[in-house]
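Line by line, the protein sequences give chains A and B. Residue numbers for the first sequence follow our numbering, so the first one is 5 and each next one is one higher. Residue numbers for the second sequence follow our numbering, so the first one is 2 and each next one is one higher.
Read the hints as simulated data drawn from the structure, not as lab findings. Just so you know, these numbers come straight off a predicted model, no measurement behind them. Please note: incorrect hints may appear among the correct ones.
[What the hints assert, rightly or not] Quick list of in silico lysine-lysine cross-link-like pairs, DSSO-like style, CA-CA up to 30 Å:
{"#": "1", "chain 1": "B", "residue 1": "Lys414", "chain 2": "B", "residue 2": "Lys403"}
{"#": "2", "chain 1": "A", "residue 1": "Lys237", "chain 2": "B", "residue 2": "Lys403"}
{"#": "3", "chain 1": "B", "residue 1": "Lys278", "chain 2": "A", "residue 2": "Lys86"}
{"#": "4", "chain 1": "A", "residue 1": "Lys289", "chain 2": "A", "residue 2": "Lys222"}
{"#": "5", "chain 1": "A", "residue 1": "Lys377", "chain 2": "B", "residue 2": "Lys278"}
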Amino acid sequence: MSDITKQSLSELIKNIKEKKISSTEVTKAFIERSEKSKKLNVYVTEDFSVAIDKAKKFDENPNLDLKLPGIPMAVKDLFCTKNVKTTAGSKILNNFIPPYESTVTQNIWNEGAILLGKLNCDEFAMGSSNETSYFGSVQNPIDKDLVPGGSSGGSSSAVAAQLTPITIGTDTGGSIRQPASFTGTVGLKPTYGSCSRYGIVAFASSLDQAGPMAQNVKDCALLHEVISSYDEKDSTSIDFKRNNYSKELTNNIKGKKIGIPKEYRVDGMPKEIEDLWKKGIDYVKDCGAEIIDISLPHTNYALPTYYIVAPAEASSNLARYDGVKYGFRATGENLIDMYEKTRSEGFGAEVQRRIMIGTYVLSSGYYDAYYLKAQKVRKLIKNDFDEAYKKVDAILTPSTPSSAFKIGEKTNDPVSMYLNDIFTVPVNLAGLPGISIPAGHDAKGYPLGLQIIGKAFDEQNILNIAYAMEEKINFKNKITDWWIK
Amino acid sequence: MSKDKSDYLINRKDNQYEVVIGLEVHAQVTSKSKLFSTSSTKFGAEPNTQVSLVDAAFPGMLPVINEFCVKQAIKTGIGLKAKINKRSVFDRKNYFYADLPQGYQISQFKDPIVGEGKVILDMPDGQKEVGIERLHLEQDAGKSIHDLDPKNTFVDLNRSGVALMEIVSKPDLRSPDEVNAYVKKLRSIMRYLGTCDGNMQEGSLRADVNISVRKKGTKEFGTRCEIKNVNSIKFMQMAIEYEANRQVDLLEEGQSIDQETRLFDTKKNETRSMRSKEDAHDYRYFPDPDLLPLEISDDFIEKLKLEIPELPDEKKKRFIEKFKVSPYEATILVSDNETSNYFENVIKKSDVKLATNWIIGELFAALNEKNLEITESPISAGNLSKLINLIKDGTISGKIAKTVFEHMMEGDKDPKKIVEEKGLKQESDPKALETLIDKVIDDNREKATEYKSGKVKLFGFFVGQVMKVSGGKANPQLVNEILKKKL
Numbered sequence: 005m006s007d008i009t010k011q012s013l014s015e016l017i018k019n020i021k022e023k024k025i026s027s028t029e030v031t032k033a034f035i036e037r038s039e040k041s042k043k044l045n046v047y048v049t050e051d052f053s054v055a056i057d058k059a060k061k062f063d064e065n066p067n068l069d070l071k072l073p074g075i076p077m078a079v080k081d082l083f084c085t086k087n088v089k090t091t092a093g094s095k096i097l098n099n100f101i102p103p104y105e106s107t108v109t110q111n112i113w114n115e116g117a118i119l120l121g122k123l124n125c126d127e128f129a130m131g132s133s134n135e136t137s138y139f140g141s142v143q144n145p146i147d148k149d150l151v152p153g154g155s156s157g158g159s160s161s162a163v164a165a166q167l168t169p170i171t172i173g174t175d176t177g178g179s180i181r182q183p184a185s186f187t188g189t190v191g192l193k194p195t196y197g198s199c200s201r202y203g204i205v206a207f208a209s210s211l212d213q214a215g216p217m218a219q220n221v222k223d224c225a226l227l228h229e230v231i232s233s234y235d236e237k238d239s240t241s242i243d244f245k246r247n248n249y250s251k252e253l254t255n256n257i258k259g260k261k262i263g264i265p266k267e268y269r270v271d272g273m274p275k276e277i278e279d280l281w282k283k284g285i286d287y288v289k290d291c292g293a294e295i296i297d298i299s300l301p302h303t304n305y306a307l308p309t310y311y312i313v314a315p316a317e318a319s320s321n322l323a324r325y326d327g328v329k330y331g332f333r334a335t336g337e338n339l340i341d342m343y344e345k346t347r348s349e350g351f352g353a354e355v356q357r358r359i360m361i362g363t364y365v366l367s368s369g370y371y372d373a374y375y376l377k378a379q380k381v382r383k384l385i386k387n388d389f390d391e392a393y394k395k396v397d398a399i400l401t402p403s404t405p406s407s408a409f410k411i412g413e414k415t416n417d418p419v420s421m422y423l424n425d426i427f428t429v430p431v432n433l434a435g436l437p438g439i440s441i442p443a444g445h446d447a448k449g450y451p452l453g454l455q456i457i458g459k460a461f462d463e464q465n466i467l468n469i470a471y472a473m474e475e476k477i478n479f480k481n482k483i484t485d486w487w488i489k
Numbered sequence: 002m003s004k005d006k007s008d009y010l011i012n013r014k015d016n017q018y019e020v021v022i023g024l025e026v027h028a029q030v031t032s033k034s035k036l037f038s039t040s041s042t043k044f045g046a047e048p049n050t051q052v053s054l055v056d057a058a059f060p061g062m063l064p065v066i067n068e069f070c071v072k073q074a075i076k077t078g079i080g081l082k083a084k085i086n087k088r089s090v091f092d093r094k095n096y097f098y099a100d101l102p103q104g105y106q107i108s109q110f111k112d113p114i115v116g117e118g119k120v121i122l123d124m125p126d127g128q129k130e131v132g133i134e135r136l137h138l139e140q141d142a143g144k145s146i147h148d149l150d151p152k153n154t155f156v157d158l159n160r161s162g163v164a165l166m167e168i169v170s171k172p173d174l175r176s177p178d179e180v181n182a183y184v185k186k187l188r189s190i191m192r193y194l195g196t197c198d199g200n201m202q203e204g205s206l207r208a209d210v211n212i213s214v215r216k217k218g219t220k221e222f223g224t225r226c227e228i229k230n231v232n233s234i235k236f237m238q239m240a241i242e243y244e245a246n247r248q249v250d251l252l253e254e255g256q257s258i259d260q261e262t263r264l265f266d267t268k269k270n271e272t273r274s275m276r277s278k279e280d281a282h283d284y285r286y287f288p289d290p291d292l293l294p295l296e297i298s299d300d301f302i303e304k305l306k307l308e309i310p311e312l313p314d315e316k317k318k319r320f321i322e323k324f325k326v327s328p329y330e331a332t333i334l335v336s337d338n339e340t341s342n343y344f345e346n347v348i349k350k351s352d353v354k355l356a357t358n359w360i361i362g363e364l365f366a367a368l369n370e371k372n373l374e375i376t377e378s379p380i381s382a383g384n385l386s387k388l389i390n391l392i393k394d395g396t397i398s399g400k401i402a403k404t405v406f407e408h409m410m411e412g413d414k415d416p417k418k419i420v421e422e423k424g425l426k427q428e429s430d431p432k433a434l435e436t437l438i439d440k441v442i443d444d445n446r447e448k449a450t451e452y453k454s455g456k457v458k459l460f461g462f463f464v465g466q467v468m469k470v471s472g473g474k475a476n477p478q479l480v481n482e483i484l485k486k487k488l
């Protein structure tokens, strides 16, 4: 089968279960395509030979009852993987090999999947373009020198370029949904507390969530079903009844009430985004859903709130990278000198910027004005959603205020970079689930995404809406394999 | 409750200064595993053998609260008659140090688990109440070892993450003696509760001491200095003595006191500046986003109340009322659970008055001499009880009992056996005593005549002679009676 890598996850599983293809064939096909795609720079660490061994082992005694039988996949390099280098896109962890496995990846391996390697990402997931990675920027397969979004840029690029059938990312302020939107793929940020954070390199603990990224909604639902689990090792994990998301997936969304928040019509939003949104509204109407105008009055404050809360937590979370125990260590005259050199050389500019912002907003004398106030506003933002959900079942917005931009275009303008997350950040602040699905193209032919935001723990509902819309939109990614000679 | 009548004052020329002291006691929670991880807390293990990935702050590792430690803190709060806060929050205290792997200590800042309480001190001039400001849970740091290598510092993370209770007193203490009584009482309460073993040698109990001075009669507090991490009561007292005098000297010279953190040098017996207020760390406290606020139900607290044993104050009251011991004796007997248990075991079958005297007197002195705890006493409560009964029923005299006691200290032997083996039984047979006395009178004819002619002082001489001849075994009471008749 020559077109193995073109198959969706569901097709691959079906073919493996029907013994039409083996795990080894599938694994080799993705590895072969990955080898030809080095230009995209999606991999930080390849684990190809081990993957083939594992696939062979799987084929010797295949357990076809598993949900991901012998399916190879690469994961974002923020997930700790036992005995496989885990860098978080940073020099400071360039030599770090965890002796443990994250709960989310463990869930995946337990269902029969095989690790291909670790995917590039913004350093410590801080970025919206994958340009802050110590391991270089990633190419978007849509077009040359186009960013794949971030921070899960290696993941979005790898799925769009069909170097992995599915993948997982993490989303603190939009890091799954924005890159999905930029690459014409599907990305789900689950409810906070749905997927365990154990073993995921922390960025901002109260916002971080792992989630699935895939080529279509059904694959996304299946992967979510695998990774979502209650975990005692994460005190913020929530024990709620989880669905069989892929089995319960339906395109029947008749009578669902979909909210359209007026505050998301931001100044300077390109017309094509506005048009896309209108088209999205038409699609859901076509599916029999009802459109209701709603208001989320504190939306404007979401981005500033996020850029206080997230750096504050990050400044503390990243204190452990001090050269003492593991990772990169610079030589110093004494302890303080060693700290300073290690952290100056080990962290990139964006990470240092956020550590400084975070340190500042937590400092005595500033804490009340910044951090405490941000927490209050965060509550108001959450209340906005609670109010809205008294009237609607889900909310439809654009995923991003623009399509993908060129590498280097925004690197010197952090604020313009931060504005990329304007539609995704409120969802993290409120701890809600949100999914981005490809919904059209801009004039340049670059993909654009729409976001469906759900009630807490209501992933099934937004997956259903996305599934119904996907059928109507019938999106086709325009990928020419330009990077393969 | 007596008013503040501590007479610990520092005198200079015309001025008298009062010393104001507040203590932050760090008490290690007695628990098998650490506050947020499952590693062991056992003392004395090889360096870095009790360290989990959480304790060493590996990437992606998360803290999970140890429910047992929470229970221990609540129990301690109940023992301090304190308010238990049904909602408390864990915060991160951020600072860099080599033995602090996370780069922050998880502690409780704004919302501690236990609020205001009190401790009653038994001072020689009466009772004194010391207010407790709060009790909170926090992680201990690891240990930096600087003296193993001339250039490098070694780090041992065995302690990293061990649960501590920080117990903050109000500035109610006024003298080194009160500090001594306070720490001992706190230790006693926690040992009764089983929440902290109070072992100062192993670092289970340490304190930061806040000291200020003010002219006697003034209401406002002076500027305070904090002496960090003092690990014995004696050093606390020495540090206070030194620091209070240092501050008074400065004030007498017309200088002001800088608010600062100081260290006590135990070798030189002086405190030294560690860092001034300007250099104070900005710990950037904020709620730990890895942990949810700790919510405790009334039911949870009520269940723990049922597990609280009789505490020293209540026990003391009971001893005074039921056993009619003096308040002084009661205070000593209840100072720790083991002593009071020992006492109660002894008096099950013997006289309270004698038991009290023997325990507080002979036994404590003997244990002290051998540097033993009451739990290590060579004399069991049962055998001490037997010894007391031998005195009570006249089998041996108090004096002989001391000899028997000495033998018992060599190894826990039944006092009856010792008395038999050594032939120490008291001679209480009147006929045998009469024979003895007749002989003594016979041998001292002249003195007997003198006595009869009015020299009554000589009576003591005859008693002494009889005791001597009997080898100390003659029943003194009977000797008295018979002698009076015979002379």
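Holds or violated: A:Lys237 to B:Lys403, with C-alpha atoms at most 30 Å apart: Not satisfied, since the Cα-Cα distance of roughly 62 Å exceeds 30 Å.
Quickly compare the C-alpha distance for A:Lys377 and B:Lys278 to 30 Å and report which way the hint goes. holds, 27 Å
Hint check: A:Lys289 vs A:Lys222, CA-CA at most 30 Å. Holds or violated? Satisfied, since the Cα-Cα distance of roughly 21 Å is no more than 30 Å.
Given the hint that B:Lys278 pairs with A:Lys86, test it: the Cα-Cα distance must not exceed 30 Å. violated, 46 Å
Assess, step by step, whether the Cα of B:Lys414 is no farther than 30 Å from the Cα of B:Lys403, and give holds or violated. Roughly 14 Å separates the two Cα atoms, so the pair holds.
This entry does not satisfy hints 2 and 3, going by the numbered hints stated previously.
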